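Peer 1: Letter by letter, the chains look like this.
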Amino acid sequence: MSRVDSAISLRGVVKRFGPITAVDGLDLEVPAGVCFGLLGPNGAGKSTTMRMLTAQTLADEGEIEVLGFELPRESKQSRLEMGVVPQLDNLDVELSCRQILTVFSRLYRVPRAEREQAVERALGIANLQPRADTIVRELSGGMRRRLLVARGLIHRPRLVLLDEPTVGLDPQVRQELWSLIDGLRTEGVTVLMSTHYIEEAERLADTVAVMSSGRVIAQGTPAELVREHAGEQVVEVYGPPEELERVLGQASASGWTSRRSGPAVAIMRAETLDGSAPDGVRRPANLEDAFVALTGEEIE
Amino acid sequence: MSAAAGPAGGVRRIGRLEPAALAGVMSRDVAVFGRYWKATTFSSVVQPTIYLLAFGIGFGSLLPHVVGVKYALYVSTGVVATAVLFSSAFPGMFNTFVRWQFQRTYDAVLAAPVDVEELITAEVLWISVRAGVYGVAPLLVGFAFGLEPVWGMLLVPLVGFVTGYGFAAFGVTVAAVAKTIDNFNYVTSAVLTPMFLVAGTFFPVSTLPPVMRTIAQINPLYHCVQLVRDCSFGRLGVADLGHAAVLIAFALLMWRLAIWQLGKRLID
Chain C
5 MSRVDSAISL RGVVKRFGPI TAVDGLDLEV PAGVCFGLLG PNGAGKSTTM
55 RMLTAQTLAD EGEIEVLGFE LPRESKQSRL EMGVVPQLDN LDVELSCRQI
105 LTVFSRLYRV PRAEREQAVE RALGIANLQP RADTIVRELS GGMRRRLLVA
155 RGLIHRPRLV LLDEPTVGLD PQVRQELWSL IDGLRTEGVT VLMSTHYIEE
205 AERLADTVAV MSSGRVIAQG TPAELVREHA GEQVVEVYGP PEELERVLGQ
255 ASASGWTSRR SGPAVAIMRA ETLDGSAPDG VRRPANLEDA FVALTGEEIE
Chain U
159 MSAAAGPAGG VRRIGRLEPA ALAGVMSRDV AVFGRYWKAT TFSSVVQPTI
209 YLLAFGIGFG SLLPHVVGVK YALYVSTGVV ATAVLFSSAF PGMFNTFVRW
259 QFQRTYDAVL AAPVDVEELI TAEVLWISVR AGVYGVAPLL VGFAFGLEPV
309 WGMLLVPLVG FVTGYGFAAF GVTVAAVAKT IDNFNYVTSA VLTPMFLVAG
359 TFFPVSTLPP VMRTIAQINP LYHCVQLVRD CSFGRLGVAD LGHAAVLIAF
409 ALLMWRLAIW QLGKRLID
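Residue numbers (my numbering), protein chains in the order written: chain C, 5 to 304; chain U, 159 to 426.
Hint data in this document are derived by calculation from the structure and do not stem from the laboratory. All values reported here derive from a predicted model rather than from experimental measurement. A virtual CB, placed ideally from N, CA and C, is assigned to each residue, including glycine.
Just the calculated beta-carbon pair ranges, DEER-fashion:
(1) U/Trp-309 with C/Arg-160: 50 to 58 angstroms
(2) C/Arg-160 with U/Leu-415: 35 to 43 angstroms
(3) U/Ile-208 with C/Asp-64: 51 to 59 angstroms
(4) C/Gly-47 with U/Phe-191: 38 to 46 angstroms
The shape of chain U in the complex, shown without the other chains (with noise of 0.2 angstroms):
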């Protein structure tokens, strides 16, 4: 090799999953979410805090307790997970398939020094991390309805993000998979639906038949409505370890999944 056409001495070897690459793409997201936030905060936030409105004046008045807590405040608590839910498997699919479909963008990212796995893990980060913020807003509803803060709260954001990292991986795994846009109603009324009603959110999983409850078990949101709860009523314990650890491993597992899935099309 020569040094005028070669990779001549001194020159830099570039590696897997490189942390300037990553904030590349991130930049990317940043400066999208820069125009569209608003939008963003809103529906991820709204929506939620909804449901907790709904559910928990709504039954609140007929159930004053579950668990030994106030109904409202189980609810604000159970509440996180959806919104994390919502804000990272929406975007992971439909951002991922407009991106990689539409506007071609993952095309021109991969043309320049950037690989699969560096692309699927920016954009996946960038929507857990946003997922993990907006998973404190019910929380901060919970407040006006007698939450008490307690430093175990900290925690949540963590969850939050650990679990919107397996979700957004999810949903760029949808997208990957899916022939087209219209696919994603399949999963979102078949697959995410009843994740989040039966996870424990609106009411205790204990309540539910022995079927429905081992299903509670697999399912990840069930985890972090656990993890959450916990973390917000001060009660962490052992169990918690066993949750935080399937949080892990689905997040590992998505993440995989989704650089494969979308690895394989996006480069013939």
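Chain C on its own, in the form it takes in the complex (with noise of 0.2 angstroms):
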């Protein structure tokens, strides 16, 4: 990958905190117009990356270079056509949408004819019509996020970046979101999106890259990273707590890679073991195993 196919890059990116070393050493490409997910447990450095790419927490060591601007130093420009969605809810909410939306194309520089109209269409984009000038603290949590979402589109950005965006959603809320991230893949908008939720990592990206202890541990498409990790199939043992430890050592002792999974233990690359597997559940990996043999963490 050239680096000017690059929509994001980071290269060897440090940064600290204190006795904290957040990010170790990143490594990063994403391509233009790819929705590319940042995967890692809670703790990994995927939120001080994103703050990063919009220069509110500075690399101390590395070079970042965001739709080919040099950060921290052009990180303005590259702002301005970028949307960013926090991870935490920092709307206004003393303002209405309509408020909120209007004050965001001033900050993006939309023009002052076209305000009107990318007000209205972030309305759109967020479902929000009809609650246009109801003040945020009424909103749903649903809608604030959705509000949230649409204010980060305001000014058609190339590049969008997503903080956990589904984090906290109920199950309906989510699927709303994901159809609308996957819309703007189809625009041909970047994405980077972090998430600790396997299956919307699973869902949207193109490219997941995993994160563990501040740097990307694996890459590639998620059929890849399952088949490269996990294998294909994956053998779920079920049994009293006594049978399930007996299980973990049989399969620690034969260098099978295993992990607890709920009520089983899950061994992998089942497909390799012929006759020696203990009898069990056979299901198509995921990447959950893949995820979980690569940072040895459970999710959620």
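Take the two lone chains, each set in its own frame, and fit them into one complex as the hints suggest.
Peer 2: Below, the structure is given as structure tokens:
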């Protein structure tokens, strides 16, 4: 991948907060026009990485380029063409949807003649036309999140950063947001999305980078990651705790990749085990298996 | 750099303190003000008016004249500075802290093409414009006590603006340094209250012991009071250039201090 085709490019980026190294030698290339998922457990450095892309956190080492602009020096130019949807709701609770969108249309330099149209379009994206003049404090959580997304799209950005876009939302609102994000990719907008929901990454991302302890430990399409790190099939063994302990012992003695999976032990690459695998339920390997195999961490 | 993903020819370079960014941030303040103007205006106008009535009428009956003016008029011109102080330092502290820490508004603004310098400048500008306007209220009350309108009074909003700019930026700096909102109490009690008492608002600084007089000289509010009085009683002279210079220097100093202190906390 040549640099010019990258919407985002990080090389050797390090960020320390006192004794904690949040980002530890991060290399990342996000090609233009894809939906790129940054998957990792809490504390992997995803949010810090997101903040560095808007120069709200400054890297201690390394180089960052966004939309061809060098950060932090040219960050303001890159922010002009970039939309940001933060993890934490930072809407102005005192203002109405329309007022917030109008303020941000100005902050993002939408020309005066186009502002009203941009605000209407954003209200449409958020599906909030009937609540346009409602004060944010009176909106439901789902509506607020949709408004937060629409606010980041007010200026038709080329690049959108979504930090845990559906965290804490109910399944229906999550589905709505997923369609919205999918729509962005169809329009050719580059999307960088951090998430710790496996399903979200699996459904939406063309490419997934798995982050752990501040660096990328694996990268590829969801299917590639699954094949490479969890194989094709997984066998799930159910039983009483002592039985599960025994299976885990057997797995580690035999060098199999295994993990606790709720009430069961999951053994990966079951297709390679021939007759030696314990009896259990066979299922196709998924991204969660690959993720746990990679990071050693359970999700949620 | 390619045209597809880089700053191709013709792309607008954006620089420091862009009017568009300042206007954008201030448009947010205007929208919020549109909702709360009644409460904001009430507190900014009523508080100094109460001081004015209490001291003007109360003390006014004991000492009819101070430095050659009717006491009520002496106070009504002095309280302009108090009005400016209240309507700039407090919003500077509270609005900043709430928007930064509780609502995270500043995080959202800084993700847009607005930098810290623009954000803080716009916030301080807005507060100081308001303070300049509110500062006129005591003069209006003064008219009821027989204060004579003079042309020089047209300068009072400007004096209020410059003073308000300094105190708004001071408030932003306090908000940046404070760990919690309760810490503002220290500043209110130990800094702001003595400051408005030792500014020649209610009694001439010349009546104070020498040490206090010296302290008053470095109190920006004292210079605001002097300037407002000289504007209001048609006594503008060379000394007022000195008062104006102190206020401008205070405003500039506090402005840079606010950007430095809040900036290093907003961008980590």
